[in-house]
Each structure stands twice: as structure tokens, then as C-alpha cells.
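Chains as they are written, first to last, in the working numbering: chain A, 1 to 97; chain B, 1 to 385.
Any given hint could turn out to be false.
[To be verified] SDA-like, lysine to any residue: derived pairs with alpha carbons at most 25 Å apart:
1) B:K342 x A:S32
2) B:K342 x A:F44
3) A:K64 x B:R202
4) A:K64 x B:L194
5) B:K270 x B:S379
[Unchecked claim] Which bits of chain B does chain A cover? Going by a derived footprint, with three or more residues having C-beta under 8 Å, they are:
6) 70 to 78
7) 108 to 117
8) 153 to 166
9) 181 to 193
10) 225 to 235
These aren't lab readings, by the way, just hints derived from the structure by calculation.
Yeah, the Cβ is synthetic: ideal placement off N, Cα and C, and Gly gets one too.
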Amino acid sequence: MVRAFVLNASDNVATLIDPAARGAAVSFVGQSSGSITATSDIAFGHKIAVQPIRRGDQIIKYGKVIGQATQDIAAGAHVHVHNVEALRARGDKRKAV
Amino acid sequence: MNATFWGYPRPDGSVGIRNHVAVISVMDNCNPVTRGVANAVKGAVYLPGSYIRGQLGEDRAITLRVTAGLCLNPNIAGVVLIGLEPVTMGELFDLIAPSGKPVEAVNIQGAGGTINSIAMGIRAAMRIAREVSKIARREFPLSMLTLGLECGGSDTTSGLASNPSIGIVADKVVAAGGKAIITETSEFFGAEHLFAERAADRAVGRQFLDAINAAEEDIMKQGVDLRGSNPTPDNIRGGLTTIEEKALGAMAKSGCSPLVGVLEYGDRAKRAGLHFMAGPAPAVESITGLAAAGCQLAMFSTGVGNPIGHPVMTVIKVSGNRNTIDTFSDNVDFDVTSVLEKNEPIEAAGARLFDYGLGVCSGELTTAEILDVQESAISRFGLSM
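All chains should be built: construct the whole structure from the sequences, respecting the hints.
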């Protein structure tokens, strides 16, 4: 069984505590239940979208904001630095203004 | 139950969990002599100097204070100072001597060069080693402990398992009347509002937020993106995506006790309870600050694996990542993988870690100590002139 840990019922991502192959059924543990199909291979410790996330949406983990989606993310997709950006300590953005 | 540990009494009333002789450079140009002395004496720890010469103002004051702080750490029984010249060495001597610990000083110019200095240093360290070897461990209440809280080589398991387990220990130490110190300023970005809510009073909360805001403003003023530095490449490989995610996990090391004080880098905590110390996130600089702040012990969570310890402060490595436990076990002291693998409650994992930590306080060696995977470096806040 491939497990993904949900820390807070309001989270839109879960943390894989087993590695997932593309197409694997990923079962939620922690503060959620049910399962989702991984749309790609996802490494141990990486995050999976538990629901569709739109570009510009906040990414929620621990029930808190951990960043913002830079593109639309399908349910079951890998959520990481390729589709999420940090919002804090972004001096690069101030410079651009 | 009143928890106790077996430690070494010091003349200033503090209690060490180790009985080291510090051989420490006053400035960086003394390091070769300091190494030569420390390598020759059993029980001596080598503490390299960082700069001093050429430093100005607050930057110099911090380096002096932190260097002295390392010597004042309760784990240090006696000190051999290795200096180039007597004036700067005298400044440091005057900061350490009031502790009542034996302190000897060797000045390389006065001694007549490297070979004579090493010989004089070895004899001084030998005298102190013999003297402090007579100090016996005694039983002390846990209130005498200052616990450092650190993470390094973090991944998503750090926030799920190892940091919350350390948080349980921090709460137990604070409940027993001891002190705990969390640091790594940038690793509060995105979590600081939650931590500030735990401030014992408004002034402490404001002081904490000011420290966080000042650090972020430094980054903003430079026009740089923290993402180039933190999360680190290995944090990202371990699944951490943003500093906010890392911060929310890192904060769990502090448990849920109220925040009673805010410290500058390497400053000593003066009252019981949980403190925040402003300071950099990279492990070596960070644990050096904790050691200078008087922590006898640090609990250091690691996800993907960071082996480093500190020569002054005993460091316990804790991991909840099963891959790291499989492949990096030489450098891990305590396994909390059962939190994710067997649904072990965090409270139970923390209680196990607490019991283990008491044993370490009473003398059980950690991997960083046994393998001498230890490093010391003081942060720099200004330019040399």
C-alpha cells in the first residue's frame, strides 16, 4: 500500500510516506481517508495533490499556507518546486518592481 | 517524577554533562598551534578561532562574546587560550576568568614561535586535564539543563516525526524548570505568526517578530530570492518545496511551551523556559551559537542526513526517515521512524527520546562524539578592515 500523510483536513496536498509509481493508488492516512491515483512517479517524502489546484491558488499543508501554485495542478499530481513557489523572502520580486 | 541527570558541578553554579578541556584560539592565525595542543592531550577539544583581527564594532564584540561563551559553556571544565599577542588574549581571559574555571594562556609571540607555543600549551592543558579529572559526576535536577533545538538536512519527515518528537522533549525540559533554545531565524518565515502567539507577553512577541522581520528585510534589500539558498538542494530532494513548508515543520521542535525570551546570537538565557535565539540556519554556525548560549545538549533532527555535531555541546541526531535510518545510521543516534511506519504517537516517541537524552546527559556518548564529527564556526556580521 502506498500511503500519503494528511496533516490537516483543510490541506490540498498530502505527503507520501511510501514511494508511488505512476498509476498507483495512494491511500490517505492521518487527518483524511480515501485514496487517489498518482499521475506520475512520486518519490518518498514528496507531495501529491489531493484535489485539483488552480494556478494562483494557495498550497495548504498543516492547515497553513506553504506557497502558491504557478500552474494548474491536477488531483494526484506531484506538487513541488516545478509547480509551486514560495511567497516569503522574495527580494527578487521587489527588485523587479 | 522529578527527572535528574548525573553531571559535573562548575564553580559558577552551572552543571556540565561533559568534562572537556577547551583549547581555543583567540584568533584564526593561532589555529595551527591550537590544533597541535588539542591533538596531544586526552580530553581536550579543539576550538578554532574565527577572525577577531580586523573585526570592528559590533561584529568584533559578537565574535569575542561567542568565543567566551563557548569557554563558559558548562561542559567546559577548564580552558587553554592560544593567542598571538597578549592584549586581545587578555580581553578574552577577562571574560572567562570570573567563571572560576581554571584558565591558562599562551601567547605565541611571547613564547617564541610555534614549537615553543605548542609545548607550553600542552603542559598547560595537561595541568588542567589532571585537575579537572578529579571532578566527579553528581546527581542534579533537570532544571540545570539548557537544551538546544536544531534541525539540519531536513525533509518532510522532519516536520512529521523527528521535530515534533524533539518538541515533546523541549516541553518536558521546560516543565522541569530547565531552558530550551530554538534558533535559525529564516526558518520561521511563514510560521512566525503562530510562534508569536505563544509569547509570554507582548514585548517578547514583538521582539521575536522584529528579529524575523529584520532578517527578511535584509534579504529583500539585497534583491535576492531566498530560494537560491533555503530550502537547500537536499531539502528539496527530500520533498520540501518552500521555506514556509520547512518553517512550519521546523517550529515543531519547540513543542508548545510559551516563549519567554529572545536572545542575540550566542547570548545566554537568563531565565527558565523556552527562548528564541536570532541566528543563521546552517548547522555549524547555528550549533556554535547554541553552544555559546550555554546549551549542554542539543537535539538535532535530520531527514536526509546531516552528520555534524559540536565539540563543546553534545549533539543527539534524531531521524524519522526510514531511508536515512537504513543508509545513514552511522550518524544517527535515535530512530523515530515508528511514528510514520507504526503510527507511534508523537508523545510516545518524545518520551522515548527524553529517556535516551537523560542517559546522554549522564555520560552515554553520541555518534558525533564517538566519531568526532564535530565543527565550530562563529557567524560573521561585518567586513574585516
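Hint by hint, here is what the structure shows:
no., hint, result
1, B:K342 x A:S32, "holds, 17 Å"
2, B:K342 x A:F44, "holds, 16 Å"
3, A:K64 x B:R202, "holds, 23 Å"
4, A:K64 x B:L194, "holds, 10 Å"
5, B:K270 x B:S379, "holds, 22 Å"
6, 70 to 78, "violated (count 0)"
7, 108 to 117, "violated (count 0)"
8, 153 to 166, "holds (count 5)"
9, 181 to 193, "holds (count 4)"
10, 225 to 235, "holds (count 3)"
Hint compliance for this structure: hints 6 and 7 are not met, and every other hint is.
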